[in-house]
Structures are given as structure tokens and as C-alpha cells.
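With the hints as your guide, set chain Z onto chain V.
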Amino acid sequence: MHGILGSPAARLSEEERKAAFARAKKAEVVERQKLPVRYHVEDFETADRPRRFLEAFAAILKHTSYRLALDHYVRVTARCARCAVACPIYETTGDPRDIPCRRSELLLSIYRRHFTLSGILRARLLGDPGLTDERIQEIADSYYDCTACRRCHFECPMGIDHGLITHLGRYTLSEIGIAPRALVVSTREQLTGRTANTSAIPLPALLDTLEFLAEDIKEEKGIAVQFPVDQEGAEYLFLPAVSDYIMEAETLKGIAAVFKATGDTWTIGSRYFDAINYGLFYSDQVLEHALRKIKEEAERLKVKKILIGECGHASRSAKYFYPAFCGGPNALPAVSILEYTHQALKEGRIRLDPKVVKEAVTYHDPCNFARPGWIVNQPRETLKAFCSGYVEMTPSGRENLCCGGGGGTVSIDEIRPYRTRVSGKIKAEQIRSTGAQYCVAPCANCKKQLRELMEDQHVDCEILGLHDLIYKAIILPPDRGSASGADDAAEGSGLNRAVTAD
Amino acid sequence: MCRERISRSRSGTVETVAFTSLRLKRRFDTEAWIEFGRGPLFRLCFALLVLGLIRILALTWAGIFDVYRHSPDKILPWKEITKKTLAWLIPVRKLWTARPVYSAISFLFHLGLILTPLFLASHNLLWQKGVGFSLPSLPQRVANILTLLVVGAALSIFFGRVLYPAARAISRAQDYLWPLLLAVPFATGYVASNPVISPRTYELMMLLHVYAGDLILVMIPFTKLAHCVLAPLSQLVTHLAWKFPAGAGDRVAETLGYAAMPTWLPQARLRARPEAPNPEQGQVIQK
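If you read the protein sequences in the order shown, they are chains V and Z. Using the numbering used here, you'd call the opening residue of the first sequence number 1 and step up by one each time. Using the numbering used here, you'd call the opening residue of the second sequence number 503 and step up by one each time.
Same shape as in the complex, but just chain V (with noise of 0.2 Å):
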């Protein structure tokens, strides 16, 4: 049997899998909580299970729509095993359990029998005892291997959407308390603590290190360029993943450098500023509060549009769900900084030099990006108008591979050994095979885990963002101003200008 790559499936060996599927926690803990799983939860209450899993189900079904996609999956799935195929999990681990259909399967058939009446009709003939501890903490298991990528769902051709039914699955469990504790002490930062952002920075720690980029930027390029904050009236709203306020100083020095360029307006919302949203992987009040949020920090600015910095789930969740929770037909648009540099490329208001950067360049699409079709063509055209030696990796583009810690799975350290040895060994051998110095992963979450992954799986290839290489590569308009203050004053109303359609 080929694998995905066309190669002979790379299966793991014994040792491997004793250390990717370790357990981090105590014995006792996992006795406590009665919960084999691998990622820490919270204590929480376990008698009494599968009923308030059962409840927590109804409750959802009730407000929700699921009930749609689960009465449709139960109806049609034909069982074909196609998706087995398109799992990079599944071909690294050959366990029946990581089959997406198999994964999914756990879900729909508590909906079967305790929701459909042909089921219950069933049940009441068979004398099936329904829902079982076991079986929660099955799902609870199974649920968080998977990293939510989505790719089977191009494979089945009953168009079932696996990713659906995980979002759905882990969305129960939180409700009965089962949910990774590195997203839960995240969310509760961001929704009601008060730093409001998942990385927990304060607010002074943000403005010094804005403030030590633009130094940088200064010392590095010799012009002044502005990281504005609670600039009212902005057109962009910018919000990256917060924690690239830590770990991404290029791209965002690269991000500032583009502004720079076009001369554009935008601005950093000073109470609010972190577009991560957790919600999208386990919980529809998480994602729809931290949603909100945004929406109150827009407003508060009176900007036209949100800009979500260079980050997959935070910029799907923007843009599929914003107009959803926050407004409908009038919520602001949601555009995606990789749909910005794109497009002030081709209206050439960016100039990028094209022999800084002469070493192979591969790209990584980041799931949420990729799958829908959204953006998958506007950060290949950016490269390849100044990456001489940019190389294409395949599967790419929709059909990408998922680099192992979609779905919030990267938040949780301790199953590292998992999403480097199960979920991203395929991933690892794919960027090795294109021989490039640099992988370009614009995501935060794609960065974080492809770094230690090329670590742990001993890939000598440099992880870096979109912005990070035109950071390098931009030329930047002289500085028309000697005094800062001046200069930016004067660029202020330059910009209001530039401002074209809206």
C-alpha cells in the first residue's frame, strides 16, 4: 500500500510509539479523574457521566444546528474507508481507530441511539444500555488526536466533514468539564482575565515591545515606522495571534514594514488584541465570546475592517464566524493579513527586492487557510515575485498536509511526543523531501509545532512567516521626515489618501 506521499506508508516503529503515546500525567490522576487521556484537564465532577454527556448533547442539539449534519451523516455513510487514505494520522499510526470514519463513528452512534427514534426503537428491542463511561472516555481520547485538518473530508464522497463532528465531540465533552487544561487556563485569561489575551501579556509589556520593534526597525532599515495603537478611525483593526507579540518579532516587524508601504492606516486595540480563538476548537460560547470581543474593540476604534495577523484558526474563525455572532450582513469584513500583502502587491504599492532571498523556500498551507479554498494562491504569487528559489510541496495548496497540531493540539505541551512522532511525522518527511532552507508557515499555531518538529524529527529546515522573508526583502519608501513625531503626523494624513475603495 502507498502513502500519502507516494511512498511506502511510513508507519512508526515500536519505540516511537511507546513515547508518542506516553502518558504525561500522575497515575492517580488519571485515576481521580477516571480519564486516560494524555493532556492534563481540570478536576471535575465524574459520577454521573454519560448522563450529563447525554444531557449536554441534547442541550446542544437543541440550540444548534448539528442536528442537520448528524440526521444527514447517519442516513448516508456508505463506510468506504477512502478518508483512512487521506488521514496522515491514520497512515502513521495503522490503528482502526485513528480511521476518520471510525473517529466520527463514536459520535453519530450516541446520536443513534439516543436521539433517532429508530434507535431508541432499537434499543428498547436489543435492550442496549446506552451511553457508557467507557465510551466518553473513548471519545475524549480519540477526539484530541485528531488535529481537526479536515483533509478526509475531500475524500468522502458522502461530503461528510469529520472536522464537523470533532468540533462537535470536544464542544460536549467541555460541557461536561473534559477539555484540555492548556486551551481552558488560555480562554479564561482571554475571556475574563485581566490581561484579556491568551498569552496573558500586560498591557505596559505590549507597548515596550512595540516599541522595541519599531526600534528595530529603525536600526535595521533606517526609516521610523509606527506600530499604532488606539489610533481611532483606523481602517484596519489588526489583531495577530498574540502570542507572535512574544515569539514572532519578524513578522510582525515585516507586517509593520508593509503598512509602511502602502500607507495605509491601522491600529492595535490596546484592550483587546489577541485574535486567538480557542472556541474553534472546543467550544461554540468560546468562539462566539472571544468574537465579541473583537467586535466591542471595533467599535470602540470605529475602524472598517478587522485584520487578523498571520494565523489560521484565529483568521477562519474572523471570517467564517464574525459575521455570524456579531452582526450578520453588517459585521465588519475580516480580511487576512496574507489577503492584504497580496493584494497591495499586485496594485504595486509593496516592492519587494528580488535577490535578498536566493535560498529554496517551500510554503506550508495552514489548514484553516487552505481547505475552504480561501487562501491558497495569494501567498504563493507574494513568494514567488521575490523567492528565486521558491519549491512547491505536495500535496499542497487544498489538499496540504496538516502539520500535526491543528486544532488547538499544539497548545498542549505535554503531547508534544505525539504531534511530533504521530500526527507530524508525514508532515516532517514532506518538507525534508523538498531540500528547502526555509518553510515559510504563515500561522502561528503551524510555526510553533513545525519548529519542534524539524527539532524532534532532525529536519534541517528553518520555519518561518510570509512576513518574516518580505520583512527581509521590502524596500521601503525613504523617510520623508527627520523627527518621528512629524513624520508621523505628516504620514497620517498621507495615508487617509491612499485609502481607495472601500
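Read the hints as simulated data drawn from the structure, not as lab findings. Hints are not guaranteed to be accurate.
[Claimed, not checked] Taking lysine-lysine and the DSS-like style, the derived pairs with C-alpha atoms no more than 27 Å apart in a straight line are:
| id | chain 1 | residue 1 | chain 2 | residue 2 |
| --- | --- | --- | --- | --- |
| 1 | Z | 581 | V | 305 |
| 2 | Z | 576 | V | 302 |
| 3 | V | 304 | Z | 726 |
| 4 | Z | 581 | V | 346 |
| 5 | V | 62 | Z | 726 |
| 6 | Z | 576 | V | 305 |
[What the hints assert, rightly or not] Reference listing, derived: stretches of chain V covered by chain Z, where coverage requires no fewer than 3 residues with Cβ under 8 Å from a Cβ of chain Z:
| id | segment |
| --- | --- |
| 7 | 76-88 |
| 8 | 186-192 |
| 9 | 318-329 |
In this text, all values refer to a predicted model and were calculated from it rather than measured experimentally. Note that the Cβ used here is the ideal one computed from N, Cα and C, for glycine as well.
Same frame as chain V, but now just chain Z:
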């Protein structure tokens, strides 16, 4: 029952008695059963099929409209949905992307499965007789080839399922049975259309052919075969399912009795669960 009839016919003529016992001895009038199978029983099965398909289609469409109505975000990628739907209805470009051998066989299987029963010349005679109109007929040779193709493909699919570990891991009993059951009317129909077989074999084949066909028709709306009408809606359903209604998350927490305790708050909400379960929950589960 036999004795009762004979004793009752003592008052009648000798001929009647003899005739009755002859009929009873034969017990099974194959021809009459075939006629029943492709006459009244077929009409019943066909009616159930149509009604069953209408039911699931109506339910699905009602669901689609309901979700669309409740979603504040009405923007759907219609082009993408149409493209994906068509790509699966005519899946020539999808064959090579995963399990190519299986997919190609499955494609041929579906082709024969749809074309042959509808456009076979001898079925058209029945159509004409039963509903008063007929469809264009396939040349007999083509029909023969398609029929053999279906039987061969059905067997391959069956063995593919048995031999491929990933498929085996997700298969239910019905998944193994379906290709075999679907092959029955095709195999028997093929044998029955061969003129050199004995009348007895012909009758037996036709009997199996008609009843297997009826059984399949009546089961379509209640099993995974419903995908014959539902599959074209899958992409739309999936895209709509990602349209989450606003405020649902809060309402879920409220229904569960945790309105003031969203999942991210530090107090373990589940330790503070209310004593009496919310009466609404029972209803939801019943529903």
C-alpha cells in the same frame, strides 16, 4: 388444512377434490408468485420507495431551510458547493485521489446499477404495462455487459471490504451484505435472459430476480442506499452545518442550568450543579 379441504369437498364432485389436491401437492405456483412480485408487490414496493424518498428529502430540505433561516450569516459559497457536488456526482476526477482501484470499480458499479434497471428493454415493457410510459431502451448487448460489470464489481467490492483492513475496521453487517444483495437481481436477471436454460431454471431465476429487486427497492429509503437521493445535498448540508446560530452557546449553558458559569470560569461548575435537574432537559432527550 389439507385434510379440512378434502373433507369439506366430500359433498362436492370428485373432480374438484382431485384438482385441489393436485394444486396443493404442487404447493408453490412459481409463475403466479412471479406475477405477484412484479405486479402488485412491485407497485407496493415502488410506492414505499417513492414515499420513503420523499420523506427523507422533505426532512432534509426542511432542515436546510430551518438552519438557513436561523443563521445570521447567509453568505454561502454557492459556487464551491455546486462544484463539489458535481465533482461527486460525476466523480471521474476523484477516482485517483484515494483507493484508486476500489474507486474505479465502485464507479462502474454505480453506473451499471443506475443504468441497467432503468433502461433495460424488458423492464421497459413492464414500465409500459405498469405505468403507461417507457424510457429509451439500452441495446441488449450493452445491457448484458453492464449487468456482468455490476456482478463483477459487486463481488470485487465485497472482497475489497473483506480484505482491506481499514474498510474492515469500519464495516457493519449491512456493509458486507449490500453488494451481495445488489448483485442478486443482476446475476439472476442475466441468467434468466439467456434463452437456452430450462423453463424451471428460468422460473427460479425470475423469482429470485423479482423478489430481490422488490426487497432492495423497499429498503432504499431506510438504509445507507438513501444516499442515491441524499448525496447531492451533502455538500450543502455540510457547509450549512458550520453556520452556527448566534447565542446558541449561551443558551446551551442556560439550558444545562449553568447560565452564570461558562465553561472557562475557574469554579468547577460541575461541582456546583443544581440539585433538581432542569425539567426542560428531559424533554429534549425524549425528542
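- Structure-inconsistent hints, enumerated in ascending order: Number 3 only.
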